[in-house]
Amino acid sequence: MQLLYQIEPRPHHYACMVDLLGQAGFLYDAIDLIHSMPCEPHSGIWGDLLGASRIHLRLDVAKLAARQLLELEPDNSAPCAVLSYLCSFAGRKSNSEQLRMAQRLKGVKKSPGCSWITV
7 MQLLYQIEPR PHHYACMVDL LGQAGFLYDA IDLIHSMPCE PHSGIWGDLL
57 GASRIHLRLD VAKLAARQLL ELEPDNSAPC AVLSYLCSFA GRKSNSEQLR
107 MAQRLKGVKK SPGCSWITV
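For the sequence shown, our numbering gives the first residue as 7, with consecutive numbering after it.
Please keep in mind that the hints were generated in silico from the structure rather than gathered at the bench. The model shown is predicted, which means the values in this text are computed figures rather than measured ones. Built from N, CA and C at the ideal position, the CB exists for glycine as well. Some hints could be false.
Pair ranges (Cβ atoms, derived) [claimed, not checked]:
hint: 1; residue 1: E46; residue 2: D66; range: 19 to 25 Å
hint: 2; residue 1: L111; residue 2: L9; range: 48 to 54 Å
hint: 3; residue 1: I13; residue 2: L111; range: 43 to 49 Å
Model the full structure from these sequences, guided by the hints.
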């Protein structure tokens, strides 16, 4: 990208690549890309990886992404919800319940959905 177009890759370019690799099932390539980034990955990048791990039912990758995402955004309920879902799907009901209990104890609540309608 730099040589051909003289464009310095920015974090949002890396986020797009992580999302593309993740959606295609190349989760470990996405992790390698994140670790090779010259800048610190932001929460969107970890969120893309978390979403891809949910699609491909990869609990190991989801744990990594959720841990990093919770460091950046401790009040975000999405990582715990995804991990709980994957634990339930993998037959680990006790882990799922522990995650939900930890979320309640921390006081983290899911923000209600809303929609915008212009009249």
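We went through each hint and held it up to the structure:
Remark: the range hint 19 to 25 Å for E46 to D66 is upheld by a beta-carbon distance near 22 Å. In this structure, L111 and L9 meet the distance hint of 48 to 54 Å, their C-beta atoms being roughly 51 Å apart. Against the hinted window of 43 to 49 Å, the Cβ-Cβ separation of I13 and L111 comes to about 46 Å, which satisfies the hint.
Comparing the model with each numbered hint stated earlier shows that all of them hold.
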